[in-house]
Amino acid sequence: AQTVTQSQPEMSVQEAETVTLSCTYDTSESDYYLFWYKQPPSRQMILVIRQEAYKQQNATENRFSVNFQKAAKSFSLKISDSQLGDAAMYFCAYASRDDKIIFGKGTRLHILP
Amino acid sequence: DAGVTQSPTHLIKTRGQQVTLRCSPKSGHDTVSWYQQALGQGPQFIFQYYEEEERQRGNFPDRFSGHQFPNYSSELNVNALWLGDSALYLCASSLVENYYNEQFFGPGTRLTVL
Chain A
1 AQTVTQSQPE MSVQEAETVT LSCTYDTSES DYYLFWYKQP PSRQMILVIR QEAYKQQNAT
61 ENRFSVNFQK AAKSFSLKIS DSQLGDAAMY FCAYASRDDK IIFGKGTRLH ILP
Chain B
114 DAGVTQSPTH LIKTRGQQVT LRCSPKSGHD TVSWYQQALG QGPQFIFQYY EEEERQRGNF
174 PDRFSGHQFP NYSSELNVNA LWLGDSALYL CASSLVENYY NEQFFGPGTR LTVL
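In the order they appear, the protein sequences are chains A and B. The opening position of the first sequence corresponds to residue 1 in this note's numbering, with each subsequent residue numbered one higher. The opening position of the second sequence corresponds to residue 114 in this note's numbering, with each subsequent residue numbered one higher.
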């Protein structure tokens, strides 16, 4: 069965600094998707970034980028120039084609002013 | 566009009761997925509805059932509630062909079972 593991329950970063959130997953599939979702306190979950496994190039969205290591089954999220609004729970998620999305347990990110 | 809306916001039930949660998808979306998010956990997929049919189902007992209406809105029903059903229930909508590109989540319904 596919699993998603986020080994960092909580992290803190100084405002304007860079932070990296870790995620590993387990699958026997070769074609799948990976996601990072953000859930701010008492607000709706939103998609931060997604990666298709067949694409070797790492996805980027403004200050957010990923380091996708397919062989190592690792999918980390880097947030550059951290802002107070980045404080949230971050969930790593996986989905093989035509299957449900599986979420990790999340990493709570604190931004220190 | 109101985005994905869910009702009610909060709900308190006692063990053994039944509950119905409602979800209106983002305008133009045809697919609704339901998730259970226990405290301190990530969301767990319950099921997905498309064209009024259950398209996929997660590892949840038959006490969890759903429905999708012709206007694409959806209901989640849970029978014989027990304490472990206390959680935030999230609804997410998408276009069926765009499911893996982006889902839009609602604010959730917080269910407390006493």
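Since the hints were made in silico from the structure, they are not lab data. These numbers come from a predicted model, not from an experiment. Backbone N, C-alpha and C fix where the C-beta goes; we use that ideal spot for every residue, glycine too. Careful: at least some of the hints might be erroneous.
Calculated pairs, DSBU-like style, for lysine-lysine (alpha carbon to alpha carbon, straight line, at most 30 Å) [unchecked claim]:
(1) K139/B x K105/A
(2) K105/A x K78/A
(3) K126/B x K139/B
(4) K126/B x K55/A
(5) K70/A x K105/A
(6) K55/A x K105/A
Here are some, though not all, of the chain A residues that point toward chain B, as calculated from beta-carbon distances under 8 Å [to be verified]:
(7) L47
(8) V48
(9) Y54
(10) F68
(11) A72
(12) K100
(13) K105
Now the hints, each set against the structure:
| no. | hint | verdict |
| --- | --- | --- |
| 1 | K139/B x K105/A | holds, 26 Å |
| 2 | K105/A x K78/A | holds, 18 Å |
| 3 | K126/B x K139/B | holds, 28 Å |
| 4 | K126/B x K55/A | violated, 47 Å |
| 5 | K70/A x K105/A | holds, 21 Å |
| 6 | K55/A x K105/A | holds, 26 Å |
| 7 | L47 | holds, 5 Å |
| 8 | V48 | violated, 11 Å |
| 9 | Y54 | violated, 12 Å |
| 10 | F68 | violated, 16 Å |
| 11 | A72 | violated, 21 Å |
| 12 | K100 | holds, 4 Å |
| 13 | K105 | holds, 5 Å |
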